[in-house]
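Using the sequences and the hints, build the whole thing.
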Amino acid sequence: MHTTLRSNTTAETKLDWEQPIAQRMAERLPQDYQSWRLAAPVPNKAGGKSAGIVDQSGSPITLYTAPLRVPFDAQGFKDETATRVNLCLEANEAITKWAQGLDAHIVALMEARSQVFFGKVLNAAELGANYHSAVKDADKYGAQLLKLKMNKSGRGCVRVWNEAGIPRSQPATWQDCTVQARATLKGIWIQGRSFGLTWEVVDVLIKTEGDAMMECPFQTA
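Residue numbering for the sequence shown follows the numbering used here, beginning at 1095 and increasing consecutively.
The set of hints was computed from the structure by calculation and includes no laboratory data.
Be a bit skeptical, because a hint or two may be false.
Keeping only pairs whose Cα atoms sit at most 30 Å apart, straight-line, the calculated DSSO-like set for lysine-lysine is [what the hints assert, rightly or not]:
1. K1241 x K1230
2. K1241 x K1301
3. K1234 x K1301
4. K1241 x K1191
Here you go:
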């Protein structure tokens, strides 16, 4: 997504796109995963490894979601002060079906290179048992959730937009917001035998906020 911010005035900070932002952010799920190129693994400070993934042309891979509900606030793992957090969206049928095909391909891809990534030959069943899909069952919420990473501040901070395509602040809470998200594939993470894909949110279009959906406590019938 290319953005042009001319100044800080409301009239001039609107995204310079030919189409409305909702159309630019319309759901698009990358279907060309069989042609993606996987880089060699690189050790990280946490004792694991990571490997980049690009498309056939060497460009970053991006997904766009439809408007989806956020069932709970964006939060870090056991750290309420974390600035790198998980943003989980209630996945629709298109995302869950897409993830099934993508996940099967990633497992097959890693099976072919298991010696390089895990130091031994592993079959699809062994790898599948330790693969962490970005789409997870969440019985508590009665839905499947698409788990994305998001930076609330600092380097790579998420950009947030209103429906007019104008930058806005992050909501006080992400819970019960309906959003469209644009996320890029950062690569594969590997920790021991466990592995999965890291999708990082770059842009979020706020459709509705949770607070806006609440009824006024003083409203009379």
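Do the hints match the structure? See the list:
1. The straight-line distance between the Cα atoms of K1241 and K1230 is roughly 8 Å, inside the 30 Å bound, and the hint therefore holds.
2. For the hint pairing K1241 with K1301, the CA-to-CA distance comes to about 19 Å; that is within 30 Å, so the pair holds.
3. As the CA atoms of K1234 and K1301 are separated by approximately 24 Å, the hinted pair is consistent with the 30 Å bound.
4. For the hint pairing K1241 with K1191, the CA-to-CA distance comes to about 15 Å; that is within 30 Å, so the pair holds.
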